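Line order of the protein sequences matches chains A and B. If you're matching positions, the first sequence starts at 1 in this note's numbering and goes up one per residue. If you're matching positions, the second sequence starts at 1 in this note's numbering and goes up one per residue.
Since the hints were made in silico from the structure, they are not lab data. The structure presented is a predicted model; accordingly, all values stated were derived computationally and were not measured. We treat Cβ as the ideally placed atom computed from N, Cα and C, and that holds for glycine. Take these hints with a grain of salt, some might be off.
According to the in silico footprint, chain A covers these stretches of chain B (three or more CB under 8 Å from chain A) [claimed, not checked]:
#1 61 to 74
#2 101 to 115
#3 142 to 148
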Amino acid sequence: MNTYIKSLFLFVITTFFLISCGPPTSKKNSNSKGAIAGNAAEKVYVAPGDHDSHYAFISGGFSGQLAVYGLPSGRLFRVIPVFSQDPEKGYGYSEETKPMLMTSHGFVPWGDSHHPDISQTQGSVDGRWVFINENNTPRIARISLKTFETEEIIEIPNSAGNHSSSFVTENSEYVVAGTRFSVPFPQRDMSIKDMKGNFSGALSFLKINQETGRMNIDFQIKMPGFNYDLSHPGRGKSHGWFFFSTYNTEEANSLMEVNASQNDKDFIAAINWKKIAEYVKNGGGKKVPARYTHNVWNDDTHNATSTMEKEVLVVEPKDVPGAIFFLPTAKSPHGCDVDPTGEYIIGNGKLAAQMTIHSFTKMLKAIEDKAFDGDAYGIPIIKFDAVNYGTLDQPGLGPLHTEFDTRGNAYTTFFISSEVVKWNVKDLKVIDRHKVYYSVGHLMIPGGNSRTPDDKYLVAMNKITKDRYLPTGPEVCQSAQLFDISGEKMELLLDFPTIGEPHYAAGIAADKIAPKTTKIYKLEDNKHPYGVKSEAETKVVRKGKEVHIYMTMIRSHFSPDNIEGVKVGDKVFFHVTNLEQDYDVPHGISMIGAQTSELLIMPGRTTTFTWEPKNVGVWPFYCTDFCSALHQEMQGYVRVSPSNSNIKISYTLDGDIPGEDDL
Amino acid sequence: MNFKILIITTIATLFLWSCGESKKKDNPVKSTTKKEVKVETQKKEEVTTNSTKLDLMKPTLDNKGIGPIKSVKLEAIDDKMVAKGKVLFKTNCTACHKVKKKYIGPALKGVTKRRSPEWIMNMILNSEEMLQKDPVAKALIAEYNAPMAQQHITKEECRSILEYLRTKS
Numbered sequence: 001m002n003t004y005i006k007s008l009f010l011f012v013i014t015t016f017f018l019i020s021c022g023p024p025t026s027k028k029n030s031n032s033k034g035a036i037a038g039n040a041a042e043k044v045y046v047a048p049g050d051h052d053s054h055y056a057f058i059s060g061g062f063s064g065q066l067a068v069y070g071l072p073s074g075r076l077f078r079v080i081p082v083f084s085q086d087p088e089k090g091y092g093y094s095e096e097t098k099p100m101l102m103t104s105h106g107f108v109p110w111g112d113s114h115h116p117d118i119s120q121t122q123g124s125v126d127g128r129w130v131f132i133n134e135n136n137t138p139r140i141a142r143i144s145l146k147t148f149e150t151e152e153i154i155e156i157p158n159s160a161g162n163h164s165s166s167f168v169t170e171n172s173e174y175v176v177a178g179t180r181f182s183v184p185f186p187q188r189d190m191s192i193k194d195m196k197g198n199f200s201g202a203l204s205f206l207k208i209n210q211e212t213g214r215m216n217i218d219f220q221i222k223m224p225g226f227n228y229d230l231s232h233p234g235r236g237k238s239h240g241w242f243f244f245s246t247y248n249t250e251e252a253n254s255l256m257e258v259n260a261s262q263n264d265k266d267f268i269a270a271i272n273w274k275k276i277a278e279y280v281k282n283g284g285g286k287k288v289p290a291r292y293t294h295n296v297w298n299d300d301t302h303n304a305t306s307t308m309e310k311e312v313l314v315v316e317p318k319d320v321p322g323a324i325f326f327l328p329t330a331k332s333p334h335g336c337d338v339d340p341t342g343e344y345i346i347g348n349g350k351l352a353a354q355m356t357i358h359s360f361t362k363m364l365k366a367i368e369d370k371a372f373d374g375d376a377y378g379i380p381i382i383k384f385d386a387v388n389y390g391t392l393d394q395p396g397l398g399p400l401h402t403e404f405d406t407r408g409n410a411y412t413t414f415f416i417s418s419e420v421v422k423w424n425v426k427d428l429k430v431i432d433r434h435k436v437y438y439s440v441g442h443l444m445i446p447g448g449n450s451r452t453p454d455d456k457y458l459v460a461m462n463k464i465t466k467d468r469y470l471p472t473g474p475e476v477c478q479s480a481q482l483f484d485i486s487g488e489k490m491e492l493l494l495d496f497p498t499i500g501e502p503h504y505a506a507g508i509a510a511d512k513i514a515p516k517t518t519k520i521y522k523l524e525d526n527k528h529p530y531g532v533k534s535e536a537e538t539k540v541v542r543k544g545k546e547v548h549i550y551m552t553m554i555r556s557h558f559s560p561d562n563i564e565g566v567k568v569g570d571k572v573f574f575h576v577t578n579l580e581q582d583y584d585v586p587h588g589i590s591m592i593g594a595q596t597s598e599l600l601i602m603p604g605r606t607t608t609f610t611w612e613p614k615n616v617g618v619w620p621f622y623c624t625d626f627c628s629a630l631h632q633e634m635q636g637y638v639r640v641s642p643s644n645s646n647i648k649i650s651y652t653l654d655g656d657i658p659g660e661d662d663l
Numbered sequence: 001m002n003f004k005i006l007i008i009t010t011i012a013t014l015f016l017w018s019c020g021e022s023k024k025k026d027n028p029v030k031s032t033t034k035k036e037v038k039v040e041t042q043k044k045e046e047v048t049t050n051s052t053k054l055d056l057m058k059p060t061l062d063n064k065g066i067g068p069i070k071s072v073k074l075e076a077i078d079d080k081m082v083a084k085g086k087v088l089f090k091t092n093c094t095a096c097h098k099v100k101k102k103y104i105g106p107a108l109k110g111v112t113k114r115r116s117p118e119w120i121m122n123m124i125l126n127s128e129e130m131l132q133k134d135p136v137a138k139a140l141i142a143e144y145n146a147p148m149a150q151q152h153i154t155k156e157e158c159r160s161i162l163e164y165l166r167t168k169s
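Next comes chain B alone, as it looks inside the complex (with noise of 0.2 Å):
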């Protein structure tokens, strides 16, 4: 009798186990779901850090980021530079970034403070695989869910970005 119920259990078991890839699949899109609600309910507040385990308001300024740039050195500003990356930084970031307010990415307010010249501009310039090896960067698209942007832009246009970023500090 034992065996008789065993033996249900097992071919029901089967049936419910196989084919289940899709099944599977469907998971991680709910725990995106359930993540965006939350962001939307803490929205109003200045959020700093909660699921991830980095405090993205602290410096780490010794990281250097993953592409391209492997080392910039900062001068007095070039306010020519400036000017530039004003420009610049209108066309290809206000349609995600303000200056102080959070926006669909994170306010860019004293950002070279926070960050290494190299790891803004390889932000910029190599986004996708900052995405996903940096771990600055992963626990800011964990944040914001919206991934950076690839503008293509030149390293010397990113340069000066950076420039017009240094003044908003």
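Extracted from the complex, chain A is given alone in its bound form (with noise of 0.2 Å):
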């Protein structure tokens, strides 16, 4: 009997230990889909503490937002607001970011983000800002990489789902904004079946200041009413040039799936952009009234002001002879994309079996030899055989986007066959094609849009995910799948979820950003009107019915804690300026029953939010974001008094003014 125990006694403890808190190795591998080959996990592997080689900077889509992840291990690094109000970091909500949202229809505190693009020098991606377009309310968004932090937006007159935007040209000569639904060019008051002939598509050539980045609407060209799809500059040979894919050629103004897609080709307009230029700097286009906010942020004030634009130039066609012509391109093309050498221009016919692939040298040469087949609305369309170098036959179903390597290599996604289809571009010949889970839009290789993209990875943004990851209720996240491209066949390395829907990204080797990230904002250079520099400068002031308090943290207490003389009916400022000098010591702060979010203050910065206490009492406000070990204690109050009190204002820090001392 005792041996018997004994023996039950070892085995119980044996078993104890090998179940125990054990890794669940076993049930990995039984998940296993099996179609990641078994070295994928080492490729994507990035080990605790150390860095991917690029950023990837995906769309938000319709959270109006951009995010920035890291490649190849799929890690979401941070989430960028750009048009859409954030009250995790405060993003229009504090009085300082409030005018970022501004637009001619008011504030807008959403917007649906789509195609982010890095600046460029001689070619290549630069590491200097990346842009990004609104479509619903038409806008588009300058992002510093230094700062990561969105630093000018700019609405565009005249346009309506603003999507085939918002493409650098190679030297960020240019970002262009081209509307995708055409309007009446002014807005006017007019029945809608006249549309036909009677609206007009505008694309926006925005001029980019090489120093500062500031944007500016240098020209509008006035196009026929098609709706202006996506586009892509020329680049290398083809620099000078834009090219915009079109769709509803038909001008069809109700059931569009039906109405728009007639046609069995619709067009690719060539824009020769250096042309237009030219001729608006020596007096050309002519200035119309419009209304479009500018929106710019100040890092030295820390606040943002938008101011309303009250013109824009445009230039008709007609008036600029030689710069634009269409190139026939089967059928409602999509994306529309240009590779490494500028020489091919391809349309991804959306709903033909069929890629359309133009040759810029065939397209110079038909122009010269006018050989055209017409025109549209006075634009001198091209014999498609003497622009076309060749068609793409049944590659897939439902072409969308292209992107290339250096190789010579072109990659098709395939929304309707959910797969990237590898293809030489010269020989028009399929390498390989790929399953990805499922439907996928856009695709992005690291300096895509760019004579130099990188031949090692490659991210599939796909619409839907359905069994691909835990559910989450009917609504399930959309992803991104990132594949590597430096073999012969493409290799699938990884899943990993994005935030709203992924509509395009711009990647870039890490090294061209990291290195000139800002760590502070420098306090000597704080130049807000509300700021201040030290404890002793913190007061609150009255004026009339605005309670203006002049704040600062550290770690960890704010000055002043205690505040008293504050009344019902008032609006009490809260600026905020955060003393820390030292890399990643944000403070937050939030006030109880305040109407509008947290702030997160980062090391330098001060930033406002507004409070309007409604009933009589002492109420508390603290710091949000962990800081210190002594964070739970960062906190302080202000007493609410009645409308008619007759307390006045004051305030201290541990019983004192702030800031007494003897200096």
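Reassemble the complex: the two chains are provided individually, in unrelated frames, and hints are given to aid placement.
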């Protein structure tokens, strides 16, 4: 009996050690879908503390934001608020950032972000800025890649569904914004059924200041009333040209899925922007009234300003002969992509089982030879055979977008057949195809829109994930899939979820950005009108019904932290300066009942939120971002008295007026 | 019978034991909380030392600290440097230090008589390493809880602050 019990005892202990806290290795293996080759995990593994080799800026789609990921790990680092309010960071809630979301329609708290594109120098991505367009209320934003913050948003007038945007030319001379929906130009009250011939499509060219990055609408081309879907700049030999895909050349205004799909061929519009820029420089074009906002962030004053612009320079195609041509392209093309050499212009014929590949060299010759097949609204249509290099027939179903490597290969996404197809542009031969999960839209190769794409990774961005992740109710994540494209065959390495719908992305080698990023804002350079540089300068000032609190924060207290004399009916402004000058020491602040959001304030920065107390009492505020071992102690109180009270404003810290000392 | 009890106890112990990592982590937090309370109650007295072995008011002029400053030669007080140091002190230091009164950090009156100039400058320029390795800095953080913030100022600026502090003896 004793022996029996003893062995049972040993058995229990042994079993326990075998099962307790063990890694679920066996489970992992049995769950593997087998689509991924053995060493894929190694290729995406970035050890704890190590850095990724690339940044990927993936559009947040209908979240209105831009998300920053690392490649190859697929780790999400930051969501940059651009077109939508972000309570996590106070963007669009703080007094300083509210002007960023002003439009000619008033304050718009949401946007639909689409196509990020990184600035370029001599045909290569340079890591200065990333641009992104807003589709719904047409806007283009510029984001600093030093601070990873939105620095500028400009609204695009005469435009609607700002979709064939925001792509930059090879020296960042221009970023373009083309309208997807044609509209009355300028807007007016008219019957919708009279659309044909009476609507126009605006293609806007925004000049970029090379020092500051500031954008300015140099000119708008008033094009026929088609839908301008996507665009890309020429490069190398075709630098100076821009190409836009069109659909709805039928000019239908209802049941578009049928009525805009009648023509077997639509167009790619080829625009010689250098010629038009020259024309405008010499006084060409006509200034017409327009209302659009131009919102600019200032890193010295820590404030954004919104200015309403009043006119825009419009160019009519007929006034610049020889600058604009139509290239017939099958059928309702979506993506319009240019290979790294600048020779091939590719129409991804969304509704055709065909890719149209035009030749830039042939195009120039055809223009010289006047090989035209009539015109559309006065714009010459180049004969298909005179411009076409070839077609890639039956490569898959529903081609949407193409990116390139430097070895002469193109990679095209097929939405309907859910695959990425690798093909050789010159030979027009399919080399490889790989399933994606599921319904892929855009794809991105780091440095994609440039002469020097990186031949290492490809990211496919999928609209549908269904069974790929743990379910989260009816709404499941959208996703990206990472491929290794360094070999002959594409190798699927990793799935990772994305925020919103990932409409395109821009990628760049990390070393072009990481060493230059901003660490802190220097306190001595802080020119915020309500900023203070020491606790001695903190104060509370009443101006009628407004109370302005000039407050500071440092690990781990606010100054002042006891405030009295505030009354019901007051509007209280908390102007809060983070006095820290060390990297990665932000503080947050929130006030009970404030109808804004918390603020997250970086070292050296001043930010403001407002609070309109409704009730008498003593109300606390506190730091929302764990800042030190004494974070829980980082709080203060505001006493709110009745509106008829005669208690005067007073403020203290540890019983003294802040900063009182024998200096 | 005894054995049965032993078995049950062993199994129970094992289950209490296993995956105990997270519980262990809780402990230091608890002890910090205790310490904070202690400091709170003693706040009004001008505490020099208690839980730590070092007397923080006792001069430690031989200790040069750890960091970029190896040797500082002090001469007659330079008024220009003092003026510059005062401005820098106000912006970078007064959120945590007062001259006369203990605040977040210790009162700085007489600090140049307690600490060597090198130690003071290293504490300003290299606080993170100092707080980990230097015995005086370690005793200070044990006493004051709040770590000395790194304010990213230059050596030259730091030297001006030192000059200013010399006038507060």
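Q. For the region 142 to 148 of chain B, does the count of residues with a C-beta closer than 8 Å to a C-beta of chain A reach 3?
A. Coverage by chain A holds for the region 142 to 148 of chain B (3 residues, Cβ < 8 Å).
Q. Has the region 101 to 115 of chain B got at least three residues whose CB is nearer than 8 Å to a CB belonging to chain A?
A. holds (count 3)
Q. Within the region 61 to 74 of chain B, is the number of residues with a Cβ closer than 8 Å to a Cβ of chain A three or more?
A. violated (count 0)
Comparing the model with each earlier hint shows a violation of hint 1 alone; every other hint is respected.
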